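S.K.: Protein chains in written order, with the working numbering: chain R, 1 to 292; chain X, 1001 to 1374; chain C, 2001 to 2464; chain F, 3001 to 3235.
Because the hints were derived from the structure by calculation, they are not lab data.
One should not assume that every hint holds.
[Said to hold, decoys possible] Ranges of calculated distance between the beta carbons of each label pair, as one might list FRET restraints:
1) X/W1329 - F/L3168: 31 to 37 Å
2) F/P3069 - X/A1318: 49 to 55 Å
3) C/Q2181 - R/A151: 19 to 25 Å
4) C/S2046 - X/A1160: 33 to 39 Å
5) R/R2 - C/K2335: 53 to 59 Å
6) X/S1092 - C/R2458: 57 to 63 Å
7) X/A1206 - C/A2138: 36 to 42 Å
[Claimed, not checked] Stretch-level coverage of chain F by chain R, calculated; a stretch enters the list once three of its residues show a Cβ under 8 Å from a Cβ in chain R:
8) 3063-3074
9) 3093-3102
The structure displayed is predicted, hence computed values, not measured ones.
For each residue, glycine too, the CB sits at the ideal point set by N, CA and C.
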Amino acid sequence: MRLFWNITLGGVSEGLIFASVALGLVLIFRATNIINFAQGAMAMLTTFIAFSVLGKGVGYWPAFVVALACGLVLGGVVQLVLIRPVQNKPPLNAVIVTFGLLILLEGLAGAIWGNSNRGFPAAFSQSGLVVGHTSIAFSHFDVFIVVAVLALVVLVALLFRFTTLGLRMRAAAFAPEAARLLGVRVSWLLTLGWSFAAVAGALAGLLVAPTSVFSPTFMDLILVYAFTAAVIGGLDSPLGAVIGGLVTGLALAYVGGYLGGALEPIGALVMLIVVLMIRPEGLFARPTARRV
Amino acid sequence: MIKLRLPGWARLPRQPLLRHLLFGAVGVAFFYVLSISLSDFNDFQLGEVGVYAIAIAGLSVLTGVNGQISLGQGAFLAVGAYTLGELEVHQSINLVLQLLIAVAVSALVGLIIAVPATRLRGPYLAGMTLLLALALPFLSDKYSSFFGGDQGLITLPPNAPGSIDPQRWLTWIQLFCALLVVVLLANVLSSRFGRSFRAVRDNEVAASLAGVHVARTKVIAFVISSACAGLAGALLVLSTGVVNTGEFPLSLSIYLLAGMVLGGAGTLTGAWWGAILVVYLPNQWSQSIANAFHANHLVGANLAVIIFGAVLIVVMLAAPAGVQGGLRWLGHRLVTVSTGPKPAGNISVTLQDQPVSKQDRDGPESDRAATSID
Amino acid sequence: MRLTSRRRAFGWAGRSAIATTILAMVAAGLGWSGSAGAAPTTGVTSNSITIGATVPLTGAAAPGYDEIAPAMNAVFQWVNAHGGVYGRKIHYDYVDDGYNPSNTTTQTRKLVLQNQIFADVGSLGTPTQASVQAFLNAEKVPQLFVESGCNCWTNPKYPYTTGWQPPYTVDGKILGLYIKQHFAGKKVGYLSQDDEFGQDVVKGLDMEIPSSQVVSRQTYDVATLSGPLTTQMSALQAAGAQVVVLATVPAATALALLPAAEIGYKPQFVIDAVGADPPTVGPLLSSFTSQGGGSSSQASAAVGLLDGAITNAYLPAENDSSNPWIAVDRKLLQKYAPDIWSKYGLDGNTEYGLALGYTFVQALQAAGKNLTRQGLVNAIARSGKKFVTPGLVPLSYTSNVHFGYEGDSVVQISPSATPIVTPTGSFPGETTLAGPFVTSPGKGPVKKYTGKASLPPRELSSTA
Amino acid sequence: MLEISELSVSFGAVSALKGVSLEARQGSITAVLGANGAGKTTLLRAISGLVKAQSGSVRFSDRELVGLPVERIVRAGVSHVPEGGSVIAEMTVAENLQLGAVWRYGRRDRLRRIAEIYEIFPALATRAKQHASTLSGGERQMLAIGRALVSRPSLLLLDEPSLGLAPLVTAGLMAVLADLSKGGDITTLLVEQNARSALSIASWAVVLNLGSVVVSDTAAAIADDADLRHHFLGF
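Hey, can you work out the whole structure from these sequences and the hints?
M.R.: Next up, the structure:
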């Protein structure tokens, strides 16, 4: 029983990690209808910047803030320089540009910081919480991950549901031309959407790095599973991203725990296919607009 | 796949068939001369270009012509490769038969995957195929005694007739298969199947109103694509000499997709450009440029990666229709005087969920070129 | 991605007679610059030898392993600065394959067919090198000192292929024997990488440890290694394993130790040498102890998780300054690979590269001045056992055995040992528990090695 | 007062508008008529800045609009309801309406304005919380027009509002438009294929053909010109 709970808790913390990256993907998809395959690489870059800042001897939290601020700038710059030119081109072009960016950023990080594996400090202790007299597979840092991811989801929900900025961002995403005719500064909002998503990504990087092995490629697999999570949840639903992340994390943990580690990706694939068979647009897909 | 294609063959107009065969024959002559004049290494790479051209041409039919974005082409290369590997280990049969079986098995796996996959909309299909490319090779890790584990299954190059160098013979086989596939695909695309593929891509509702069976059309495109990938995988491992999991990483699928788009999505000529880019850009050209900077080796290796990434981005920004689109644009500039429609470019694939009507108004679709191998 | 890189200092006396004789040949060759009259050999001229390798310099397998080839090159730079081997300077052309066998095939063909290398030396990885084994042998190009402990490097079909580090099964047998002897009756659990490396280590363990003692066998797949191995460690804990063997790469070692600490699971860890180098694993554990407000400089404290772990080693410990090989290693790196030295210092990976470099120079020496590919392969079979290298046991090359070291010592990572200091931090050193032992990867028994370790040749220690 | 003079637009080699000039009095409804491809839609898109004019000028309330970005033109009081209405199907009716006034009003004024719109189109009020995708064609058109009105525009550009609507619905819509212009604050440019109903509420009309103005006269005069009706208006 203890094994079951530890596997479950391990799956939950892994799932929230996926969710944190999936949220960024969802934000960008909502804002610009693009899947940002460089989302993980951008997070990697901001985390490396935080790593450099930490190395200068400033504390953890200043470095944390620096990473988020760099995300804000990075997201905006990427959108302005790379994404805007392909925004109204065939969607495959954006796919290739984001993959190109992924490759480019990993090369840059390798050239600047080296390809070596590192450890990255966690915001809080990673020793497990003690329940009764045993440590469980859920640490203080895992609690922080839960709080951070949930806070992010709530913020995103508030933004989209209750602010006019969110309203305009959605309009800019769903119907750019109609939005412009209503006085919405679409191009600026698309940039802002990428900035917000990159901040979410920077946060994800800071959450992932301590639980993983920190190197220029540390987000690659996370991105694949996060994309899986976003697809399961429904690509434009922030809540779906969290649920999708948890589902993915738990599925991987149970498959790995009871069937063997090598079957994890197959297990994830089977689960994804089953979910999409039942709900082709993910669990939390919104009522689909007519597509003509 | 063969069964599905035959009706199309029967109705082929004589004209395109003859034209495509003519192109094929010219291709055979061209590659023969090229191959015998190249050094051993360049000849080996020429064979690789042929192999990747097959995989990309298949992907181009699926993604460029039919509008389904697949990030999992590499998985089907693995299926074809392992099929050939198992045949080499357990049976000694003729190469042609081996290749046909590899094609059949990957088409079958493609069919199994296609049934759920083709129900999905753009980005959802992309997500599923991406995970497929990651997950499928793990079967060979899990069942390593059957699939050969890390050491993999050994494949032997086919016996060459007479005194021909076996390596060169293999290159010819690879190139011949590539030309054959391109001619076959060109015919498929100029048949009613090709028209259905494009109709479904442009507008599924309109296509179904026009009597196209949308689901079946998508499945057929998927199966054709995976069959091509299977053939490419089988031919690839003949030249690497071994089949193992590491040969089919996620990045292979990404490179194939990038090659397809950079070459010119939806065009069969573009598949050749794409194959050249996949073979030379990441490992050769980027490395050469990086070497010119005389960086130390660790930075130099990363510099090559940086250059590769930058080239992907720059080409996509500068020539959104890829190499083939760019060449065609140049051709139009040279030949016609500003009255013709704009060159190829719009690939209406539905990764983005935006209204299609806008696209329709903005630019003329010029996918007619896709039907020929000009 | 699964090479071993370790050592253990141990009685430094003799074998010096052979050592000096053979290594004197280096000196003899240093000033020698006449051209041999033999038929030209590909990649060899009167004053140069071009060799190549494919290694991961980028991508997920690059961390750590990208230090090996540059470290090896430091040895060649030293040789070149001292006149070369028989007057021939060594040009080492190592290229990136990103640990992808398709790239390896292409890059290896390029090296052989276009760059005209004489031999492929020190290429890394089992799947990568397995995919060019047939090609290199068909072209009769020596595939020397493959950086992998696969049993497949000894294969009569492939006479031009030679391994170097101990086969993983040998690692497993020696660790297994130690566990059988010192942890009798304790429950044992495994966590192994689900590939050749992990399976071979387990095979060796199982030859020694009674199966009734093994209570849990966990695996993970390196290609999907993205987060802590909580599931596996929880399962081992639930099975009550008191001794846990890790057949893991360094990243996976860290991702196993972290969740174990999280759930308060403290078995006796026994870690295969592949994933136990403290300077490599240590920094990965830093996240455990350094929390908000902490910084990466606390890395060293975190290595505590490694304290007491038992592992195996076939090269001297990096922390053993009294070992003459270690002193030579440091000087060589500092002078001939300054960028590597300043970034990584002497860690398990650079030490591995240097030792491999010494081995190749020895092989060139033994092949004589009329250098041919066949001659080089013959020379390794003929005199490989006598090569002077830092290994704790001698190389075991014969015409039938293409494994290098077939043995290692059992050591313990200990906070009380002299720390290993590198530019990335200070890490615990090790003390020897038992050994060194030798054994074959097959059924043979594990025997204690009673010979002496060799000393570096005087030329090397004085001129480096 | 809207003054358009010598406005030209071309797409590559194709000229869509060839020096179009027209004037519309403050508070009037001007019908823009013509066959498919005559350039009606392009005229509206050029006014609102969605397409760039090659030459010519559009002056509204003494401001030159040519060259301004769409968002600025909107802020000059121009509301453009494109063909099909382009309501945002993924949003609720209320959200669509909010969006129409976000640039102009704060929360309180916005809600008051929306309440006024609900008075004009009571059907929308009952569906406020529903997604726009659930609306009928006529309701969508009302929503689009309502959304354009929330910001109190002084120039309303309507592109084929009757497209695809049943005759009865069209008639209702035209009545609402006629009502709106009675206040005299809104100048309306009404592009219609359905010339008969457009002329029924317009005071002035222009007929376009192949990008040029064929005739420009009072609505009544054009409705009476049988020849013109036959050649260009199809009724």
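S.K.: At a Cβ distance under 8 Å, does chain R reach at least three residues of the region 3093-3102 of chain F?
M.R.: holds (count 5)
S.K.: That 49 to 55 Å hint for F/P3069 and X/A1318 (C-beta), does it hold up?
M.R.: violated (26 Å)
S.K.: Does the Cβ pair C/S2046, X/A1160 satisfy 33 to 39 Å?
M.R.: holds (37 Å)
S.K.: With a Cβ-Cβ cutoff of 8 Å, does the region 3063-3074 of chain F contain at least three residues near chain R?
M.R.: holds (count 3)
S.K.: Do R/R2 and C/K2335 keep their Cβ atoms within the hinted range of 53 to 59 Å?
M.R.: holds (55 Å)
S.K.: Check the following: the C-beta atoms of X/A1206 and C/A2138 are separated by a distance inside 36 to 42 Å.
M.R.: violated (57 Å)
S.K.: A range of 57 to 63 Å was offered for this pair. Does it hold for the Cβ distance of X/S1092 and C/R2458?
M.R.: holds (58 Å)
S.K.: Note whether the CB distance of X/W1329 and F/L3168 lies within 31 to 37 Å or breaks it.
M.R.: violated (51 Å)
S.K.: Is the distance from the Cβ of C/Q2181 to the Cβ of R/A151 consistent with 19 to 25 Å?
M.R.: violated (54 Å)
Hint compliance for this structure: hints 1, 2, 3 and 7 are broken, all remaining hints hold.
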